[in-house]
Amino acid sequence: MFKQTAETDRKILVRVENLTKHFPIKRGILIQREVGRVRAVDDISFHIYKGETFSLVGESGCGKTTAGRTLLQLYQPTSGKVFFEDVELTALQGEAMRRMRRKMQMIFQDPYSSLNPRMSIGQILSEPLEQHGIAQGKEKHEIVKDLLVKVGLHPYFIDRYPHECSGGQRQRVGIARALALRPELIVCDEPISALDVSVQAQVVNLLKSLQKEMGLTYLFIAHDLSMVRHISNRVGVMYLGKLVELADRNGVYQDALHPYTRALLSAVPVPDPRAESKRQRIILSGELPSPANPPPGCPFHTRCNIAVAACRQQPPTWREVKPGHWVACDLV
Amino acid sequence: MPVVLEVRNLETCFHTQDGIVHAVNGVSFSLAEGETLGVVGESGCGKSVTMLSVMGLIPRPPGKIVSGEAIFGNYDLLKISEKELRSIRGAQISMIFQDPMTSLNPVLTIGDQLREPLETHLKMTPEQSKATAVELLKMVGIPDGAQRLNNYPFQFSGGMRQRVMIAMALACSPKILIADEPTTALDVTIQAQIVDLVKKLRETLGMAIIWITHDLGVIAGLAHRVMVMYAGYVVERAPVEELYDNPLHPYTRGLLGSLPRVDIQSDADLVNIEGMPPDLLQKPVGCPFAPRCKWAFNRCLAENPTLVDLGGHEVACWWDINGGKPRHV
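Those protein sequences? They're chains S and L, same order as listed.
Residue numbering for the first sequence follows the working numbering, beginning at 403 and increasing consecutively.
Residue numbering for the second sequence follows the working numbering, beginning at 1044 and increasing consecutively.
Hints in this document: simulated from the structure, not taken from any laboratory.
Here the structure is a predicted model, which is why all the values come from computation and not from measurement.
Beta carbons: idealized from backbone N, C-alpha and C, even for Gly.
Incorrect hints may appear among the rest.
Here are the simulated lysine-lysine pairs, PhoX-like style, with alpha carbons at most 20 Å apart [said to hold, decoys possible]:
1) K680(S) / K1243(L)
2) K680(S) / K724(S)
3) K1107(L) / K1122(L)
4) K1122(L) / K680(S)
5) K1126(L) / K1107(L)
6) K540(S) / K505(S)
Heads up, incomplete: computed chain L residues facing chain S, CB under 10 Å, no partners named [unchecked claim]:
7) I1114
8) G1116
9) E1178
10) M1182
11) A1235
12) Q1236
13) L1265
14) D1306
15) Q1308
16) P1320
17) L1324
18) P1327
With the hints as extra help, turn the sequences into a complete structure.
Spelled out as structure tokens, the structure:
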């Protein structure tokens, strides 16, 4: 794991500035007009240090997956900038962007739909090597075998098809594919949530050991707050397209400031009956508002237990309350 | 506490193209009045099929209940006619499912669906059933019941749909509520709302609950007793605190070790359970967990352990994990 060092010693790998992604809602059959916007990601800024695991957490629909995809330029951002090392990704196009993609890869949530059922595992893992002109023929074959071994699969998987693999094995293939180009950044989008409990631990342990071995940087997107605590160095909490709190792991889990973070953490059950009976649960009333029609002011005020009149009109400022600990709430 | 449901030696299999899938292999359990029993296991361990068999909801064919009995009052649920079963199902034993999106009928209003069990089982008049339905919605925390009765399921969010399902299940004040992964599809803050609601209803209505889940966290705060299933067998069963304090089966121990905790900081690696759950097409000769177990020895490969009672804590394992020696039974 990454050691805690002084802020200035750490190299920033990715910097995200005011990133926004809105999806238009269109009506009409022939003449389509925009009747509204889903504010999936709304003006978020953060950075990721080289070699760390930075996690984005939140409930479904909070925009964490869109944030990851927009960061990788898989979605064209509505506005905002993304820098990778010192290159502005949002200014790149075509071949220049394609060449940058080698440095950033993705692992998807669903190992069933993210592998092409008509391609053998060998073909799946060869494709990136061919596309980026890295290796051919025998050399390529060797690299693919090495990749399989690296993710804990036997080399004979090279001739198998996805349907012959279990969920955990498929996710290992997905990881091997992401590793094929020796990237620096891997965006892991809910990589374990489709797996059985006993298999989740296998995949997480694998991700951790690969990070150590290859010096990888992870952007980990998840809703499982216990697992995020286990693997992250720093954590950003999202709600309705906005970051509401961002801090290192201890800052979020031991010293949470935002009322949403606190409620979210208190809602996670703990596998220990004694601890469970003593825990104070903050039950949030109501449901998540629609991101197409977010409430004015602070997006969380409709469910917040400390909201005051001002929260309904004035959006909170995103401020740094302690070094490295950011929060979007004016009351804490 | 008097027993409300006693299941003995239940065996269910499915005839498929690939062969016979042995989904449930001799499961026995009892449920006391007002008790909450947690049933834990990974996908394919037979936890849902066990309960669906008891409720007579296994599609036959391809499913087949090979043997067993399920004693509820004066009936054996596995032997009685479909007609008798229907008078019990939904009235005295009811069930809620994982996916509130697909278990409600999309073309009927919430009101129609809520009033159906009231009119069928309790023979209420339309006026009575409407008033009761509004009461039920209020009980599960849905305001404006009279208005909401005219809504269709798509007009409700996931958490609200699960509340409607709970209202339907409790409509006839059942003795037993079977909940099959009812919070798995929900976000964690909504899950907390639903668990909180079920705990309150349990206190006021006093029904016994069977809560099926793969989440050892949810069950820790809810169940009185927990039974762990693997490959269609019950491998361990104990009161909740005893099970978490002193897991005796290597599988239970592995499951608990593979879970990180939100309230404790730890950088230790998670416990790996190597391999995957077995193929149920073949009935195992030895212990079904032996191929993944680091304590397995000769006897485990040759003989499937039976569940033995060690004073209220039952386990099916030949190895005495605390004593570090084989268990003589």
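Hints, verified against the model:
{"no.": "1", "hint": "K680(S) / K1243(L)", "result": "holds, 17 Å"}
{"no.": "2", "hint": "K680(S) / K724(S)", "result": "violated, 30 Å"}
{"no.": "3", "hint": "K1107(L) / K1122(L)", "result": "holds, 13 Å"}
{"no.": "4", "hint": "K1122(L) / K680(S)", "result": "violated, 44 Å"}
{"no.": "5", "hint": "K1126(L) / K1107(L)", "result": "holds, 19 Å"}
{"no.": "6", "hint": "K540(S) / K505(S)", "result": "violated, 24 Å"}
{"no.": "7", "hint": "I1114", "result": "violated, 29 Å"}
{"no.": "8", "hint": "G1116", "result": "violated, 31 Å"}
{"no.": "9", "hint": "E1178", "result": "violated, 21 Å"}
{"no.": "10", "hint": "M1182", "result": "violated, 17 Å"}
{"no.": "11", "hint": "A1235", "result": "holds, 4 Å"}
{"no.": "12", "hint": "Q1236", "result": "holds, 6 Å"}
{"no.": "13", "hint": "L1265", "result": "holds, 9 Å"}
{"no.": "14", "hint": "D1306", "result": "holds, 5 Å"}
{"no.": "15", "hint": "Q1308", "result": "holds, 7 Å"}
{"no.": "16", "hint": "P1320", "result": "holds, 7 Å"}
{"no.": "17", "hint": "L1324", "result": "violated, 15 Å"}
{"no.": "18", "hint": "P1327", "result": "violated, 17 Å"}
Hint violations for this structure: numbers 2, 4, 6, 7, 8, 9, 10, 17 and 18, all remaining hints satisfied.
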